[in-house]
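*Asks:* This is what each chain is made of:
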Amino acid sequence: MPYLLILGARSDIARAVSHRFARKGLNLCLAARRYEEADRDAKDLEIRYRIRVMTREFDALDFEGHESWYAGLPEKPLGVLCAVGFLGNQKKGETNLTEAKKIMETNYLGCVSILNVIANDFEERKAGFIIGISSVAGDRGRQSNYFYGSSKAAFTAYLSGLRNRLCRVNVRVITVKPGFVRTGMTEDLELPAMLTSSPEEVARDILSAFEKGKDVIYTKWYWKYIMAVIKIIPEKIFKKLNL
Amino acid sequence: MNIANWGKYPTIDARIRGFRTVGDLKDSFQDAATLIARGLGRCYGDSSLWSTIVSTLKFNRILAFDAEEGIMRCEAGTSLEEVLDVAVPCGWFLPVTPGTKHVTLGGAIASDVHGKNHHKEGAFSDHVLSMEVMLHDGEIIACSHRERQGLFTAVCGGMGLLGVILNATFRLKKIETAYIMQRTIRAADLDEVMDLFEQYADATYSVAWIDCIAKEKKRGRSVFMLGEHALRKDLEGSQFAERPLEISLRKRLNIPSQFPSFVLNRFSAKAFNFVYFQRAKTERSAVADFDTFFYPLDAIGHWNRIYGSKGFTQYQCVMPRDTSKQGLRSLLNIISWGGEVPFLAVLKLFGKGNGNLLSFPMEGYTLALDFPITPTLFSFLDSLDKIVLDYGGRLYLAKDARMSGEMFRRSYGNAARFIDLKHQLDGSDKFRSLQSERLEI
Ligand SMILES: Cc1cc2nc3c(=O)[nH]c(=O)nc-3n(C[C@H](O)[C@H](O)[C@H](O)COP(=O)(O)OP(=O)(O)OC[C@H]3O[C@@H](n4cnc5c(N)ncnc54)[C@H](O)[C@@H]3O)c2cc1C
Ligand SMILES: NC(=O)c1ccc[n+]([C@@H]2O[C@H](COP(=O)([O-])OP(=O)(O)OC[C@H]3O[C@@H](n4cnc5c(N)ncnc54)[C@H](OP(=O)(O)O)[C@@H]3O)[C@@H](O)[C@H]2O)c1
Numbered sequence: 001m002p003y004l005l006i007l008g009a010r011s012d013i014a015r016a017v018s019h020r021f022a023r024k025g026l027n028l029c030l031a032a033r034r035y036e037e038a039d040r041d042a043k044d045l046e047i048r049y050r051i052r053v054m055t056r057e058f059d060a061l062d063f064e065g066h067e068s069w070y071a072g073l074p075e076k077p078l079g080v081l082c083a084v085g086f087l088g089n090q091k092k093g094e095t096n097l098t099e100a101k102k103i104m105e106t107n108y109l110g111c112v113s114i115l116n117v118i119a120n121d122f123e124e125r126k127a128g129f130i131i132g133i134s135s136v137a138g139d140r141g142r143q144s145n146y147f148y149g150s151s152k153a154a155f156t157a158y159l160s161g162l163r164n165r166l167c168r169v170n171v172r173v174i175t176v177k178p179g180f181v182r183t184g185m186t187e188d189l190e191l192p193a194m195l196t197s198s199p200e201e202v203a204r205d206i207l208s209a210f211e212k213g214k215d216v217i218y219t220k221w222y223w224k225y226i227m228a229v230i231k232i233i234p235e236k237i238f239k240k241l242n243l
Numbered sequence: 001m002n003i004a005n006w007g008k009y010p011t012i013d014a015r016i017r018g019f020r021t022v023g024d025l026k027d028s029f030q031d032a033a034t035l036i037a038r039g040l041g042r043c044y045g046d047s048s049l050w051s052t053i054v055s056t057l058k059f060n061r062i063l064a065f066d067a068e069e070g071i072m073r074c075e076a077g078t079s080l081e082e083v084l085d086v087a088v089p090c091g092w093f094l095p096v097t098p099g100t101k102h103v104t105l106g107g108a109i110a111s112d113v114h115g116k117n118h119h120k121e122g123a124f125s126d127h128v129l130s131m132e133v134m135l136h137d138g139e140i141i142a143c144s145h146r147e148r149q150g151l152f153t154a155v156c157g158g159m160g161l162l163g164v165i166l167n168a169t170f171r172l173k174k175i176e177t178a179y180i181m182q183r184t185i186r187a188a189d190l191d192e193v194m195d196l197f198e199q200y201a202d203a204t205y206s207v208a209w210i211d212c213i214a215k216e217k218k219r220g221r222s223v224f225m226l227g228e229h230a231l232r233k234d235l236e237g238s239q240f241a242e243r244p245l246e247i248s249l250r251k252r253l254n255i256p257s258q259f260p261s262f263v264l265n266r267f268s269a270k271a272f273n274f275v276y277f278q279r280a281k282t283e284r285s286a287v288a289d290f291d292t293f294f295y296p297l298d299a300i301g302h303w304n305r306i307y308g309s310k311g312f313t314q315y316q317c318v319m320p321r322d323t324s325k326q327g328l329r330s331l332l333n334i335i336s337w338g339g340e341v342p343f344l345a346v347l348k349l350f351g352k353g354n355g356n357l358l359s360f361p362m363e364g365y366t367l368a369l370d371f372p373i374t375p376t377l378f379s380f381l382d383s384l385d386k387i388v389l390d391y392g393g394r395l396y397l398a399k400d401a402r403m404s405g406e407m408f409r410r411s412y413g414n415a416a417r418f419i420d421l422k423h424q425l426d427g428s429d430k431f432r433s434l435q436s437e438r439l440e441i
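Protein chains in written order, with the numbering used here: chain A, 1 to 243; chain B, 1 to 441.
What the hints contain is simulated information worked out from the structure, not anything from laboratory work. Take the hints with a grain of salt, since some may be wrong.
Some chain A residues well away from chain B (every beta-carbon gap over 12 Å; in silico) [as the list claims (entries may be wrong)]: (1) Gly25; (2) Ala42; (3) Leu45; (4) Ile47; (5) Tyr49; (6) Glu57; (7) Glu64; (8) Lys91; (9) Met104; (10) Glu105; (11) Tyr146; (12) Thr183; (13) Leu191; (14) Ile226; (15) Phe238.
Now the in silico label distances, taken between C-beta atoms and shown as ranges [unchecked claim]: (16) Ile12/B - Leu243/A: 28 to 36 Å; (17) Arg148/B - Phe63/A: 48 to 56 Å; (18) Pro89/B - Glu190/A: 50 to 58 Å; (19) Lys231/A - Phe378/B: 47 to 55 Å.
None of these values were measured; they are calculated from a predicted model. We put the beta carbon where it would ideally sit given N, CA and C, even for glycine.
Could you build the full structure based on these sequences and the hints that come with them?
*Replies:* Put into structure tokens, the structure is as follows:
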């Protein structure tokens with residue numbers, strides 16, 4: 001059963017992506033913490049799209065376990081989507097290292113730890129693709145979320161390096177940088193309606209990037225230009241901004 | 001966040017919380033002293049508006065589908081469109097559907113929605129086999145026509161005021177094709193269209209669009225529409241015969257959000273009614289895909305924006321069969337002379353009502369009128385209320401944004417029983433909406 005592996009499968013964005021790929025007839029493996037809940041999603045996807053879906057318990061922070069976790073999959077996936085992420089509480093992290101560490105470990109170390117294992121397998125098999133969800137927050141650090149932002153920046157750089165390494169063996173790596181998305185992560189934030197997209201829109205962009213062979217995408221597309229502007233603001237001015 | 005339902009009136013600054021699991025919902029119950037459930041916001045007025053809203057839209061999994069028996073079980077946030085996407089290709093259809101498929105299962109049950117087949121097949125809840133509801137204290141209770149029947153008959157049509165519906169199991173209807181054999185017949189006036197409803201009482205689907213502006217002799221002039229599910233043999237020789245359960249996707253036309261409200265002055269409403277009426281002349285019998293037949297307005301996307309920023313309301317009343325003719329005459333009379341012009345007007349004959357405490361349908365005629373909101377509209381509608389009440393009728397809660405508590409209590413025979421039950425089951429009055437406050441439920 002060829003399938004797509006989805007890490008952090010219970011996230012809103014991952015759920016939307018699952019539906020998109022399932023509609024194309026691809027089987028899925030949903031990997032998440034609290035995977036009993038993912039069982040409901042699995043059943044739902046099977047009924048809607050008449051595909052096969054399995055579920056696996058997965059914790060991105062169980063670094064030591066990742067190798068054997070991956071080895072335990074019944075067969076190797078066609079590709080992987082990594083949607084694991086944690087926004088955390090910036091203010092709390094400033095005085096509480098546990099919170100800051102959790103943000104950095106979830107967004108960066110945890111993802112790297114499992115993707116390393118998968119990348120090695122894909123490299124050896126000379127097949128596969130990796131879709132990593134990073135964030136526009138990684139394009140420039142801001143006072144409001146720089147633990148999250150810096151870990152996403154690191155993840156973006158990791159995906160770029162991985163792409164560089166794996167392109168020789170025809171393994172594709174796609175970096176996805178969403179702007180504001182209305183999901184569980186951002187439910188309690190006031191997001192500007194004009195600039196906020198739905199998980200379904202992000203999923204559509206991801207599928208189209210996959211089909212068109214893109215390396216890096218911003219979603220929605222205009223974030224590319226917003227971030228271009230944000231990146232060229234001179235530091236002298238940027239440091240005084242309230243972002 | 002500012003939020004309004006389909007009529008864009010009223011608007012409230014609310015905190016919206018989603019839930020993906022039963023545990024999430026329980027947490028929301030703990031955090032907020034009072035709240036209301038909201039699905040796709042397709043009620044017209046304030047039924048699903050409150051300062052704290054729990055949105056069911058992420059709670060939308062299809063839990064089971066028996067394609068042999070036509071029985072489906074879904075979480076309450078699943079939309080009827082999602083149900084159709086899965087059911088139709090397997091030869092099943094919704095037992096009852098409102099005029100849009102963009103409503104959730106929870107919303108369909110909470111408003112006890114009806115369709116063009118009410119006279120034959122009842123309301124949506126009549127096809128619900130069982131459901132689970134979360135009460136104010138987080139307890140989850142299963143109920144059905146047999147088990148905890150008291151709760152069931154109060155939650156169906158209960159406008160979210162007793163608890164949050166979590167999931168439901170319901171029966172689908174067998175179809176051979178995704179098409180409808182549609183017939184349209186013109187009726188010159190109210191008597192004629194009412195005769196047509198009687199004459200075609202056996203038709204599965206029936207509804208009429210009324211031209212409300214026509215005066216005097218032409219009053220009640222309408223286009224009467226009938227439909228039957230097409231059988232395979234009906235499609236023989238047509239382009240649909242090969243894949244009878246598939247319909248091709250159509251592109252949506254979106255109405256830009258800045259549509260100025262002056263576009264809809266008396267003249268343009270008149271033009272619309274006239275065009276609609278004229279078109280019917282040429283279209284007599286036809287095969288239509290189910291989307292075109294059941295959901296003509298869904299094809300226009302956000303057509304509610306057509307009314308501009310002030311919004312609109314739908315006035316939907318029902319009057320008992322024996323007083324309907326008199327009542328409708330009086331209503332149409334005031335309307336055709338009044339300054340308030342309804343944009344759309346739909347007439348339908350209901351069959352017998354069910355026992356659900358706040359269910360809207362009763363045996364008789366229902367008239368639905370869309371009005372753009374103007375400074376004088378509400379006092380005009382108050383005068384319609386008097387007529388409806390005099391003739392023993394009532395208004396549909398899912399469309400209402402303005403009736404008085406008195407009108408509600410006098411027209412809904414089971415209002416007091418419902419309120420009693422709410423005191424028993426929801427003593428802390430956790431489930432509240434702008435509507436329930438207004439109606440003192
Ligand atoms: C174009 C159009 C055509 C329509 N045609 C018809 C028609 O032909 N027949 C008809 O009957 N209706 C019709 N309606 C009305 C519509 O079917 C109802 O208002 C329906 O309730 C909307 O469902 P929703 O998911 O949008 O719910 P909402 O509008 O969000 O909520 C409606 C009510 O349901 C409650 N509710 C929602 N979900 C839950 C839940 N999980 N648990 C408890 N309570 C819940 C809310 O609290 C609220 O009281 C039409 C509406 C439109 C816009
Ligand atoms: N929403 C936005 O505006 C936005 C913008 C840019 C980028 N993103 C990124 O998009 C991705 C998806 O996020 P989302 O917006 O859909 O929010 P979300 O629903 O909060 O998704 C985050 C997911 O990460 C999972 N996760 C967290 N820690 C984990 C761990 N230790 N092990 C395994 N899984 C873990 C969560 O699992 P549980 O369900 O078990 O908690 C959750 O499913 C994230 O990488 C996020 O950073 C989001």
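*Asks:* Work down the list of hints and note, for each, if the structure agrees.
*Replies:* Okay, the hints, checked on the actual structure:
{"no.": "1", "hint": "Gly25", "result": "holds, 14 Å"}
{"no.": "2", "hint": "Ala42", "result": "violated, 9 Å"}
{"no.": "3", "hint": "Leu45", "result": "violated, 9 Å"}
{"no.": "4", "hint": "Ile47", "result": "violated, 5 Å"}
{"no.": "5", "hint": "Tyr49", "result": "violated, 9 Å"}
{"no.": "6", "hint": "Glu57", "result": "holds, 16 Å"}
{"no.": "7", "hint": "Glu64", "result": "holds, 29 Å"}
{"no.": "8", "hint": "Lys91", "result": "holds, 20 Å"}
{"no.": "9", "hint": "Met104", "result": "holds, 26 Å"}
{"no.": "10", "hint": "Glu105", "result": "holds, 24 Å"}
{"no.": "11", "hint": "Tyr146", "result": "holds, 27 Å"}
{"no.": "12", "hint": "Thr183", "result": "violated, 9 Å"}
{"no.": "13", "hint": "Leu191", "result": "violated, 9 Å"}
{"no.": "14", "hint": "Ile226", "result": "holds, 22 Å"}
{"no.": "15", "hint": "Phe238", "result": "holds, 29 Å"}
{"no.": "16", "hint": "Ile12/B - Leu243/A: 28 to 36 Å", "result": "holds, 30 Å"}
{"no.": "17", "hint": "Arg148/B - Phe63/A: 48 to 56 Å", "result": "holds, 49 Å"}
{"no.": "18", "hint": "Pro89/B - Glu190/A: 50 to 58 Å", "result": "violated, 41 Å"}
{"no.": "19", "hint": "Lys231/A - Phe378/B: 47 to 55 Å", "result": "holds, 53 Å"}
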